[in-house]
Every structure is written in structure tokens, then in C-alpha cells.
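Participant: Can you make the complete structure from the sequences, with help from the hints?
Number of protein chains: 2
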Amino acid sequence: MKITAQEEYGLRCLLQLARVPKGQLVSVREIAEKEGLSAAYVEKLLRLLSRAGLVHSVRGVKGGYTLNRPASQLTLGETIQALGRLETTDHICRSFTGNEVACVHFTNCGIRSVWSGLTAYIQGFLNKTTLDTLLDNEYEVSERLGKRLGVIGN
Amino acid sequence: MKITAQEEYGLRCLLQLARVPKGQLVSVREIAEKEGLSAAYVEKLLRLLSRAGLVHSVRGVKGGYTLNRPASQLTLGETIQALGRLETTDHICRSFTGNEVACVHFTNCGIRSVWSGLTAYIQGFLNKTTLDTLLDNEYEVSERLGKRLGVIGN
DNA sequence: CGATAATATGACTTTTTTGTCAAGTATCCT
DNA sequence: AGGATACTTGACAAAAAAGTCATATTATCG
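Just so you know, the protein sequences line up as chains A and B, in that order.
Number 37 in our numbering belongs to position 37 of the first sequence; there are no gaps in the numbering.
Number 68 in our numbering belongs to position 68 of the second sequence; there are no gaps in the numbering.
Incorrect hints may have been included.
What the hints assert, rightly or not - Below, computed lysine-lysine pairings styled on DSS-like, alpha-carbon distance capped at 27 Å:
1. B:K44 / A:K128
2. B:K22 / B:K34
3. B:K2 / A:K44
4. A:K2 / B:K44
5. B:K2 / A:K2
6. A:K128 / B:K22
Hints were generated in silico from the structure; no laboratory data involved.
Facilitator: In C-alpha cells:
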């Protein structure tokens, strides 16, 4: 149960786009520099986000990427889905079949209902969280840091 | 954001132990057969659970594995922790540093508080769920299957 | 005691996920 | 037009996770 690299880094790249004024293009190179990632990798991540329809690109000199919708209308859920996919129970049952063709617990599984409850909740959480919220948090954090110094929190 | 193979299969092996009367030993071979996994793999998974103190083993002919505590006192949280670890925010910050030594958002991160909220909730969910609950679910499922046939549900 | 049936362990192989590269296409600017 | 700057893409390389193997150790039973 963990957050994958693609999810984490992809989200960060998306937030870089969310930080600039609406419609302004940001180049891969800029993002790569700000995030401390290679340009090639950022490119790959943005491609994933682009395929999912969260961002779009403009080619050529002065080109770059931009969000397709304002950050207030982009959810963490969609983002994760685009970058790594929060597995559905169905998906889990299909993946973990051991050496058999189908899961041995197919007709009688006590785990399934728990995973399905868990993923539904996580979905709820992620779908309710919009990207502008993350930026707001950020703002609050720097506010606090301005006053009392060095506290990291959890 | 997904359930890893170790978590899923490890949990299933643990449930095999939870299904037999208290103190009764179950051999790796038995579990492997019932779960459709290789004996070597089951061995590895049980070792993880054993290191974490959830089960213990008895060697030699007639040996096998058994739970250290009744299923009602074993939580999903502990199990996941033993098998794959639900990452803490701290852990996330340390892993995802890109090409830098430390995360570029270290002092001002809007993502961190969201991940930390999310993992805390998931923890809550997992820690409240005990293994006997999973077995109860299973029982209910087979009850239902006994009456009306073929329904899988999500 | 010796054969057998178990667990124990660390090294190894395979597969998946991460991340990079190189070659291509579009656009802008002079 | 031609050079520079950006995105596009699929193949490749590296690293991590999953899964296997060979060998050692322990206990029971005849």
C-alpha cells in the first residue's frame, strides 16, 4: 500500500502547472529544473497526464504545457488515476491469481469486501481533494514558516 | 497507490492460519496448495510474518506455522506493516527526492499534508479491521452463495 | 541411528517499474 | 529559408520487486 514514484512526481509536475496564471505555458525544462528531475522523465510524466486529458501541450519555440481545467476543478483522484491507477477490487482479483488462472478465493472471499471498502474510501478522499487545495496548504505552510522557524511537522 | 503482491498473498497465508483451531500447526505445503502458490514463495511470506512476530514456526516432521495471537487480536494494519509497510509521510519525503539529496519541497510542501492525512486515515481503517472480521465476511459470502447462486458483487 | 518431513536462509533469476536516450516533428524568429 | 527551441515517441537501460532454488538445520519415527 504505497504511493508510487510516478504518482508522486507526476503530481508535482502537475502542481507546477497549477501554480502559474491560467493559460500560461510552462516548458518541460523549467519544470525539470524546479523539481530536480531529468527533462526526459518530466516529459514522460506529462505525456501520461496529457493522454488522460488533464493537460495539453503546445509545440515549437515558446511552447509548453498547461492545464486543461483550472486547479479547482482537477482532483487528486483523477491525477492518481492518470499516473498509476488506484486499483479496483475487480482489478485486484484479476491480478493476484497465484499460479492458477483465476483467484482460488473467487467464489468465497473475505478479503475482497475489505479491499473494496478500503479503495472506495480512498477514492472518496482523493476525489474530494482538488489541486488548488494542495496549493493552499503550501501557502499556509510558508505563512507559518515566516513566523516561527524550522518546524517541519509530519 | 496499490496493494502489493506481498501484502495480498501474505495476508492470504495468514488467513489460512487463522482458519484452523487455535494452536494447530499448518505446513507450508498445505498453504501453498490451498492458495495456488509455490511452496518457496509461501515460505518467504511466512518468514516476513514470523520476523514481525505475527506467527511462529515449529520445525521438524509435524512442524508448521501457527498464529501468535488469536485472529481477533491481529489487525490488518499490523499485517500490512509486516508485509509491505504503509508509508509514512516522513518516509515519502525521504524516498522521493528526485536527483537532489533532499526533496526540493522540503520546507514548503502542499502535498505532504495531504499524504499525511490520507495515510493516517488508511492506518485508521487498517488498524480497526481485525483478521477475524475477514473470516466472518467469508462466512457471510458463502451463506449468500448457498441461497442465491452466482452473484459475485464488488 | 538413519530416513523422512518439516522449517531457515541467502543467493539467484525473472518480471515489473523507473528512468533515459535518440531520432523525429512542429513552431517561432530572424 | 534555416536555425533554435520545444514537444513526441518508441525503444532501451537500470533499479526494484517478485518469485525460485539449493543447501542447511531441526524434529519425529521406526
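Participant: If you draw a straight line from the CA of K128 (chain A) to the CA of K22 (chain B), is it 27 Å or shorter?
Facilitator: violated (43 Å)
Participant: Tell me if the straight-line CA distance from K2 (chain B) to K44 (chain A) falls inside 27 Å.
Facilitator: holds (21 Å)
Participant: For the pair supplied as a hint, K2 (chain B) and K2 (chain A), confirm whether the alpha-carbon distance does not exceed 27 Å.
Facilitator: Judged against 27 Å, a Cα distance of about 6 Å means the pair holds.
Participant: Holds or violated: K22 (chain B) and K34 (chain B), Cα atoms, limit 27 Å.
Facilitator: Judged against 27 Å, a Cα distance of about 19 Å means the pair holds.
Participant: Take a quick look at whether K44 (chain B) and K128 (chain A) sit within 27 Å of each other, Cα to Cα.
Facilitator: The given pair, whose Cα atoms are some 39 Å apart, is violated under the 27 Å limit.
Participant: For a C-alpha distance cap of 27 Å, please report whether K2 (chain A) and K44 (chain B) respect it.
Facilitator: Given that 27 Å is the threshold and the Cα spacing comes to 21 Å, the pair holds.
The structure does not agree with the numbered hints 1 and 6 stated previously, though it agrees with the rest.
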